[in-house]
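All chains should be modelled from the sequences, with the hints used to inform the complete structure.
Protein chains in written order, with the working numbering: chain A, 1 to 450; chain B, 1 to 455; chain C, 1 to 365.
Honestly, the hints are just simulated from the structure, not real lab data.
Because the structure is a prediction, the values reported are computed rather than measured.
There could be a bad hint or two in this list.
Derived pair list, reagent style DSSO-like, types lysine-lysine, alpha-carbon separation capped at 30 Å [unchecked claim]:
| # | chain 1 | residue 1 | chain 2 | residue 2 |
| --- | --- | --- | --- | --- |
| 1 | B | Lys177 | C | Lys94 |
| 2 | B | Lys381 | C | Lys186 |
| 3 | A | Lys91 | C | Lys240 |
| 4 | A | Lys247 | C | Lys94 |
Pulled from the structure, derived: some chain B residues nowhere near chain C, Cβ distances all over 10 Å [to be verified]:
| # | residue |
| --- | --- |
| 5 | Pro126 |
| 6 | Asp130 |
| 7 | Lys184 |
| 8 | His206 |
| 9 | Lys241 |
| 10 | Met315 |
| 11 | Val353 |
| 12 | Ser367 |
| 13 | Pro368 |
| 14 | Pro422 |
| 15 | Glu438 |
Just so you know, even glycine gets a beta-carbon here, dropped at the ideal spot from N, CA and C.
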Amino acid sequence: MAPIPHTLIPFLQSQSQNTLTRLYQLPSSCLSIYRLLGPLERQLVMSLLWLESSVPPSVMAGWVIREGKQLYEGALSTLSRLHIISSPVGKLALNSTFKTSFRQAITGSGTSGSFGVPAEPDDKHPPLAVEGLDGYALERWETILHYMVSSGTGQSPTKPSTGVLYLLQRSGLMISHRGSPLQITSAGFQFLLHSPHDQLWDLLLQYLHMAEERKMDLVEVLSFLFMLSTMQLGREYSTENLGVSQKAMLEDLRDYGLIWQRRPTSKRFSPTRLATTLTSSSPPLPTAAGTSTGPQDGFIVLETNYRIYAYTDNPLKTAVLNLFVSLKYRFPNLVVGSITRDSVKKALNNGITADQIISYLISHAHPQMRKNNPLLPVTVQDQIRLWELERNRLKSAEGYLYTSFTSQADYELVLNYAKELDVVLWENKAKRCFFGSLHLLPITPALKDV
Amino acid sequence: MPPRRDNDKFIQEDSDSDISIDDGVDVVKNVKGKGKATDAQRKRDKGKSKTKDTQAYTWEASYTRSWESVQEDEAGSLQSSVDDWMARGRRRRLLAPSTAIRRTIIRHLVLLLDLSSSMMDRDMRPTRFDLMLQYAREFIAEWFDQNPLGQIGVVGMRAGIGERIGEMSGNPQEVLKSIADRHKLEPTGEPSLQNSIEMARSSMSHLPTHSSREIVIIFGSLTTCDPGNIHETLDSCVRAKIRISVVALAAEMKICRDLCEKTGGQFGVALNEGHFRDLLFELVPPPAQQALTRPAGGAATGTRAANPSADLMMMGFPTRLPDTSPPSLCVCHSEIKSEGFLCPRCLAKVCDVPTDCDICGLMIVSSPHLARSYHHLFPVKAYEAVLSEDQIPPDAPKTCHACARPFLTAPTATHGGDGLSPLGRYRCPNCQNDFCSECDIFVHDVVHCCPGCGK
Amino acid sequence: MDDENGSHLSVVIDLSPAQWHSSAQPPPDNPYPLPLSIFLAQLLTFLNAHIASKHENTLAVFGAFPGKSVMLYSSTDPPPQTQVIDANSYPPFKLVDSTIVTRVMEEFDEQAEITDEAPNSLVSALAKALCYVNRVTLPTTTTSSKQAEGRDPTILPDPRILVLSVSPDLSTSYIPIMNAIFSAQKLKVTIDVCQVYGPESVFLQQAAHLTGGSYIFLERRDALLQYLIMSFLSPPSIRKILSVPTQDKIDFRAACFCHKNIVDIGFVCSVCLSIFCQPVPVCSTCRTKFPMKTLQRLNAARPMLPASTASPSRAASSAPQARPSTTPATPKTNGSSAAPPGGLPHSGTIGNGTARTASANESGV
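Given below as structure tokens:
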């Protein structure tokens with residue numbers, strides 16, 4: 001089982017060597033990219049980092065246990081596609097730029113200032129406390145999500161800024177039909193059930209794609225994100241050393257809740273927890289100090305009778321639950337509902353899959369639920385899956401119906417050929433006809449021969 | 001169908017254990033009050049508990065209003081009260097006398113499994129038989145973990161005869177293998193206590209005198225079908241210093257209780273599945289031996305405390321060869337192997353320890369095997385609870401000496417008493433460092449080594 | 001390859017001034033001198049690498065000084081608000097480095113005032129590390145909300161302990177070390193050992209072996225950092241793919257209770273399993289009297305051990321160093337515990353074994 005790489009890695013791999021090398025000049029970027037790598041890749045990088053000369057691949061492969069060969073090869077190719085390792089064939093050595101910068105990052109030397117220049121303490125305006133930052137980040141983030149979830153329900157929640165709206169539209173999470181207000185798409189529904197960390201990276205990835213089009217310097221954008229991820233929560237940093245693109249980013253990131261500034265023109269900014277946990281995989285995201293009363297990441301109790309008790313007063317969580325639960329009562333800190341066929345159907349129609357519902361329920365299960373094994377009642381899990389299967393009674397495929405063969409021999413010849421090509425979806429010997437899919441085009445010339 | 005008597009029995013067992021805990025506290029209080037409890041006093045306490053032993057039924061014990069001791073805190077939560085309660089319990093356990101108790105560490109045990117038709121009863125799920133096999137496996141694994149130099153043999157009682165299922169062996173895998181196949185052990189017929197005890201006794205008769213001999217009987221039947229007088233067998237077991245413990249699954253039988261009482265073993269009737277397991281696992285730790293022989297004591301103690309003839313044994317601690325070393329022949333199986341252990345005296349290679357060297361006859365044990373039991377011998381001294389703030393020197397650290405957890409700054413009202421520190425500080429009498437209650441428990445239960453003084 | 005929650009690393013550093021002094025001596029006696037300052041620099045790099053690997057990785061560092069063990073750093077402590085941020089370094093690295101260096105210097109200053117040399121407290125540092133691991137892996141209900149932090153308490157953060165030792169085995173610490181090993185086994189903690197300087201450590205070898213860790217006797221001390229990173233950085237999950245060096249052979253010798261000698265053949269009390277290096281009439285631990293017959297038999301079993309031969313060796317071993325190899329591994333016979341490669345080890349004769357037993361009797365104090 002190969003670990004799933006971080007969402008940013010494929011994006012980085014698609015960049016040119018030149019871009020990456022420029023990115024690797026900054027120690028903070030090296031550190032952040034290093035953290036995004038899988039555990040095996042990290043160990044490989046570290047093992048090579050302090051070697052002055054390159055290593056023959058056979059020496060390195062000597063460390064690998066036979067069963068791990070495949071994973072090791074995969075890790076090497078990931079690294080070489082990131083241009084961290086010079087090339088997969090030949091001797092193993094780190095990219096010299098990466099090596100220098102990463103060494104600087106680990107030893108804390110160098111003069112790049114890539115970890116953010118702290119602002120001079122300001123006596124008049126002390127920096128916002130961590131709680132304040134958390135509150136700010138949470139409010140911003142939930143505004144976005146809440147806007148998405150309640151679009152089309154007739155409610156009118158606070159609108160996020162136009163930049164955010166544009167990004168949502170660009171990323172295909174929301175769609176506008178000829179000037180009508182934005183509507184959430186099925187991708188958007190799926191997005192809502194992701195973990196906050198994945199959501200954040202999904203959006204940032206879109207932002208990066210957009211930055212390319214907006215002619216922003218991708219290296220600056222990326223390195224600014226990485227710099228943010230290495231900053232200290234609750235500190236203020238100066239904007240003075242930032243590049244042009246980076247200054248332009250300040251406004252966008254403020255809208256997403258990644259950074260906080262007293263005034264848009266302020267010369268200083270503070271990263272929020274959303275930003276500082278960018279490169280950690282299981283962050284205590286949008287902060288523990290929220291409005292919700294229950295424990296942070298577990299608030300759902302699901303019973304075998306399909307009833308669901310959600311200990312939350314957070315409108316966003318309620319709204320997300322409302323996607324696939326038919327809510328019955330609301331109390332100050334508790335929402336009660338039940339999973340019904342109709343509610344799940346509604347969610348499925350929105351493009352949410354059964355697995356997403358189940359994984360959402362699992363990841364937000366109340367600590368009391370965690371004592372159960374299996375965590376969710378099997379009946380409910382199975383039923384949700386069955387409801388999904390109900391929708392899939394018909395499977396459609398485009399193709400051609402081949403019929404009216406003149407002789408049995410003709411029919412069999414064509415059918416066998418089609419079977420060789422693995423395009424036969426259905427056949428009926430008695431009626432001398434079969435249905436072939438579209439996927440393989442060569443069937444057409446073959447038919448001509450017949 | 002467990003009769004009512006059975007229930008009563010359990011309760012009595014239970015109250016016994018309560019009493020013994022109270023007893024322990026009494027002893028400790030004596031220690032505190034008068035400096036040192038003399039042996040005689042301890043003895044008297046012991047005697048008292050012995051007499052209570054036979055009378056104190058639950059309905060005779062004084063009426064306790066346990067719920068009144070639970071109090072809500074300001075927030076109306078019971079959590080603090082429950083925590084307090086648990087901490088008290090743990091602490092009480094730790095305060096038990098910490099003097100080195102001699103335990104017989106080289107143990108020999110025969111597990112007597114009832115394989116009579118009564119074991120097919122379904123009053124325990126899935127059946128008594130399946131449950132017994134399952135627990136027996138767990139028991140064997142746990143037993144070898146705690147008694148690494150011990151040996152276990154398995155004997156079955158089936159169709160009126162004793163049946164040797166597994167030979168005495170020190171290898172847990174071998175013992176487990178002997179009871180792995182349930183089809184070979186299919187219960188049938190009547191059990192015979194006498195036959196199987198005789199068989200177990202004879203299999204232990206050759207053992208050196210310094211090792212303990214024990215029989216653990218898991219008995220589901222209410223009858224036994226014996227060829228002769230079982231009391232003679234019992235007497236011969238007493239003479240051979242075999243300790244018999246019985247876990248009965250159905251009800252108490254007089255003969256079973258006699259077997260246990262006369263030989264100094266434990267007797268218990270399992271109420272339910274969980275209780276069955278508890279009773280069985282109580283037999284895992286090595287039985288404590290009275291350090292001094294007291295022939296004048298009661299009949300039961302007299303037999304138990306008879307001086308176990310101790311002996312000095314020569315043992316070798318081997319060097320382990322890794323699986324990358326050049327292969328060579330082992331002396332035990334004459335197979336070419338890389339890994340193995342080298343006898344320190346003759347440098348022969350053996351496959352596994354503990355064993356006797358096939359060349360020079362030296363007993364080869366891995367020293368960690370021996371060391372596993374040392375914490376019984378050198379327990380960490382009990383930490384003293386710091387009772388008031390006056391006892392804390394002004395420059396004392398504010399955090400636990402072991403785990404650096406910060407201490408409470410002000411004493412709490414709910415804590416205190418029962419050897420509990422209101423400040424959550426427990427001080428090592430040796431090195432005068434303070435520890436938090438979690439570390440106190442952890443150090444005494446698991447690490448057995450004070451992080452302050454390193455002893 | 002579950003890597004969600006980061007891993008915990010506790011490092012126990014042996015900071016015995018005398019040993020570090022001799023470790024820094026120039027080449028003739030010491031082919032690869034390694035002064036403490038360089039060691040610390042490389043160690044800090046290693047620690048940074050551990051923190052760098054995962055945002056959630058936690059770290060605790062314990063120092064073992066003579067007679068005293070100190071927690072030098074713990075990542076659960078809240079960082080001081082006064083910390084100065086340097087634009088060129090990642091703040092957590094800076095914090096680790098400065099905290100450890102300051103604490104070590106403080107302790108050495110304190111040590112300077114104490115003149116009498118106390119035995120090294122590696123054991124108590126190890127016990128502290130275990131208590132700390134116990135604390136971080138099992139957050140209790142009573143602890144503050146800071147620890148809960150939305151993390152599932154049932155998932156252990158994969159704890160490891162790395163012992164960096166420079167001192168020879170202290171035979172008095174045999175039992176405490178064994179106890180520590182067993183509790184590490186119970187907590188499922190891996191103990192890795194790197195013997196940076198000094199002789200091979202029998203006890204630490206056993207510690208690494210019994211807890212599934214890796215023991216490295218550092219030969220090329222100038223390559224310390226590379227050793228550390230290649231062998232000890234990877235959490236156990238990665239070790240299933242990238243192997244780490246294991247021991248070539250493990251010495252299962254024990255220390256006797258009477259003279260704290262490290263013995264390979266000992267005499268064991270059958271009641272309490274105390275180990276003695278020579279037949280004794282009464283067990284010093286449980287006061288069991290042993291039968292005269294046995295004593296005579298055992299004494300007779302050591303014919304090559306007349307009392308006279310024991311005395312010169314006793315004088316010879318009066319040096320304070322209780323080296324683990326006090327057994328004079330007579331090089332001419334194949335008496336050294338390493339089997340000659342290729343040769344069938346059990347071809348050894350019984351005779352030379354008894355000569356080795358004699359050595360158990362030396363250094364009687």
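Taking each numbered hint in turn, which are not upheld by the structure, reported in ascending numerical order? 1, 10, 11, 12, 13 and 15
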